[in-house]
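Asks: Chains A and B, in that order, give the protein sequences. Under this note's numbering, read the first sequence as residues 1 to 455, first letter to last. Under this note's numbering, read the second sequence as residues 456 to 567, first letter to last.
No lab work stands behind these hints, which were simulated from the structure alone. Careful: at least some of the hints might be erroneous.
Some chain A residues near chain B, calculated using beta-carbon distances under 8 angstroms [to be verified]:
| hint | residue |
| --- | --- |
| 1 | ARG201 |
| 2 | ASP283 |
| 3 | SER293 |
| 4 | GLY330 |
| 5 | ASP342 |
In this text, all values refer to a predicted model and were calculated from it rather than measured experimentally. Even glycine gets a Cβ: it sits at the ideal position worked out from N, Cα and C.
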Amino acid sequence: MDTGHAAWVLTSASLVLLMTPGLAFFYGGMTRSKSVLNMMMMSFGAMGIVTVVYILWGWSMSYGTDAFGDGKAGLFANPFELFGLTGIDAGAYVGVAFQLTFAIITAALISGAIADRVKFSTWMVFVPIWVTLSYFPLAHMVWGGGFLSGADGALATWFFDDVVPVDYAGGTVVHINAGMAALVLVLVIGARRGFGKDVMRPHNLPFTMLGAGLLWFGWYGFNVGSFVPAATPGVAGESGAFYENSVQFATNFVGETGLVWVNTTAATAAAMLGWLLVEKIRDGKGTSLGAASGVVAGLVAITPACGSLSPVGSLALGAVAGAVAALAVGLKYRLGYDDSLDVVGVHLVAGLVGTVGIGFLATSGGLFYGGGVGQLVVQVVIALFAMLWSGVLTLVVALALKYTMGWRIADEDEVEGIDFVEHGETAYDFASRSGAPRGPASPLATSVKTEGANA
Amino acid sequence: MKLVTAVIKPHKWEEVREALETFGVTGMTVSEVSGYGRQKGHTEVYRGAEYDVALVPKIRIEIVVDDADADDIVGIIVKSAQTGRIGDGKVWVVPVEAAVRVRTGDRDEAAL
Numbered sequence: 001m002d003t004g005h006a007a008w009v010l011t012s013a014s015l016v017l018l019m020t021p022g023l024a025f026f027y028g029g030m031t032r033s034k035s036v037l038n039m040m041m042m043s044f045g046a047m048g049i050v051t052v053v054y055i056l057w058g059w060s061m062s063y064g065t066d067a068f069g070d071g072k073a074g075l076f077a078n079p080f081e082l083f084g085l086t087g088i089d090a091g092a093y094v095g096v097a098f099q100l101t102f103a104i105i106t107a108a109l110i111s112g113a114i115a116d117r118v119k120f121s122t123w124m125v126f127v128p129i130w131v132t133l134s135y136f137p138l139a140h141m142v143w144g145g146g147f148l149s150g151a152d153g154a155l156a157t158w159f160f161d162d163v164v165p166v167d168y169a170g171g172t173v174v175h176i177n178a179g180m181a182a183l184v185l186v187l188v189i190g191a192r193r194g195f196g197k198d199v200m201r202p203h204n205l206p207f208t209m210l211g212a213g214l215l216w217f218g219w220y221g222f223n224v225g226s227f228v229p230a231a232t233p234g235v236a237g238e239s240g241a242f243y244e245n246s247v248q249f250a251t252n253f254v255g256e257t258g259l260v261w262v263n264t265t266a267a268t269a270a271a272m273l274g275w276l277l278v279e280k281i282r283d284g285k286g287t288s289l290g291a292a293s294g295v296v297a298g299l300v301a302i303t304p305a306c307g308s309l310s311p312v313g314s315l316a317l318g319a320v321a322g323a324v325a326a327l328a329v330g331l332k333y334r335l336g337y338d339d340s341l342d343v344v345g346v347h348l349v350a351g352l353v354g355t356v357g358i359g360f361l362a363t364s365g366g367l368f369y370g371g372g373v374g375q376l377v378v379q380v381v382i383a384l385f386a387m388l389w390s391g392v393l394t395l396v397v398a399l400a401l402k403y404t405m406g407w408r409i410a411d412e413d414e415v416e417g418i419d420f421v422e423h424g425e426t427a428y429d430f431a432s433r434s435g436a437p438r439g440p441a442s443p444l445a446t447s448v449k450t451e452g453a454n455a
Numbered sequence: 456m457k458l459v460t461a462v463i464k465p466h467k468w469e470e471v472r473e474a475l476e477t478f479g480v481t482g483m484t485v486s487e488v489s490g491y492g493r494q495k496g497h498t499e500v501y502r503g504a505e506y507d508v509a510l511v512p513k514i515r516i517e518i519v520v521d522d523a524d525a526d527d528i529v530g531i532i533v534k535s536a537q538t539g540r541i542g543d544g545k546v547w548v549v550p551v552e553a554a555v556r557v558r559t560g561d562r563d564e565a566a567l
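With the sequences and hints as input, model every part of the structure.
Replies: So this is what it looks like as structure tokens:
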């Protein structure tokens, strides 16, 4: 791997890692004040547990040798081949760093759908099982030369000989996957007490704006860091033999990463405006929550498409994604499912808009650019397959946990507030004059004993 | 002695305080409160979902005053807090039996 490229991938990995605390703020601001800590802990918990399983078997299962058949186009790779990263090529650590952060945020994305009501212990068991059964296989299928890649025998080759599915940075693997898992979990776990009756408005929208800003910033690592040298499609972390010299590589690198940055920004800006426009027409006012949500919807939509669209095409995709997601988040009230922070409405819907939108807007192969329907069909097929895979496996895990550990905290605990019940803390000190330090654990208590009359 | 309690719009608080200080009121207790009257609440929209927010934020002022000053003080508060629109608030007066200044032990009028 070119050293400049490696430096950028490590920088990108760090940017993507920051997205998950950003997501914690984005979601945390939208919850009620009694459950903000739990919401943020679901993201931080994912940072802990996903890192452990990624190092142990996540990388091996995503990018190791194929577990099935002739080593091509399989569903997942052998989880034990590079267990604990033992035997890994030293040049691949950069790839591990980058991909690890994607696995973390994908799991954390799901948490917004089931806010305020889920046992922290069950979440911490769900996450490692879910990434193992749903995320690592999809990462392998799409980026590891597996069933949803352009490899021989992969799903797309059943339809066309020469059409390669496009998912630049995770429309299927990350957003459709997390959005579908969120939908299934919401249906298994059920609505919050008082859903549709009680006021459940966001308690701190500045947090949500801050989180949206951090996500936007980190997303440059997510998308721009996903550049893969052209010679080895689908394999992260390898410099291509395709290039005859370093100048060729540099030209390709500079041209593509610059385009991806511009496309990412174009779609995000347009999506924010699209969401605000829907609000202005429908509700009379553009809201800060709408702006923050539009930003995320645009980032989601451009994620799979950022390498194959023109900047103008990205503006169009973003505007459509922002408007469609703004309308989609209202569906949960009509359909009666409590996707608390709209993971389905934003990530599944915008993820589908982006993944399928490639079929229309790709400058090479898109329907609007004279490429025929081949790419469109392939994009629809991989989106449907990702939904099916994620939906079925999430359902299995969700039901297994429902009948063993159980998902829900007690009704009265949910009303009192999950922060105190699950973590023994409250986010805000509304009355600092109440209460006193207790026991020798408090430094204040011990220092008080040494002063005064008996000292 | 009388206890004058006023619940007013938060943005009128500075005007009311200045008017009371000009009159010679030297102290008061102020708290941020919420409630509703004829103003009811208002509607807020989050991602297209409408919420009725029942409680409206207000400022509550409490002043213990001489009997003779009570009417004037009520007049000053009403004049300075008025916008003429719904939700301006209320002022009421109740008799006070006793008052003590904690620092000195002074009682009643001397404690004010």
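Asks: Of the hints given before, which are not true for this structure?
Replies: Checked against the structure, no hint fails, so every one of them is satisfied.
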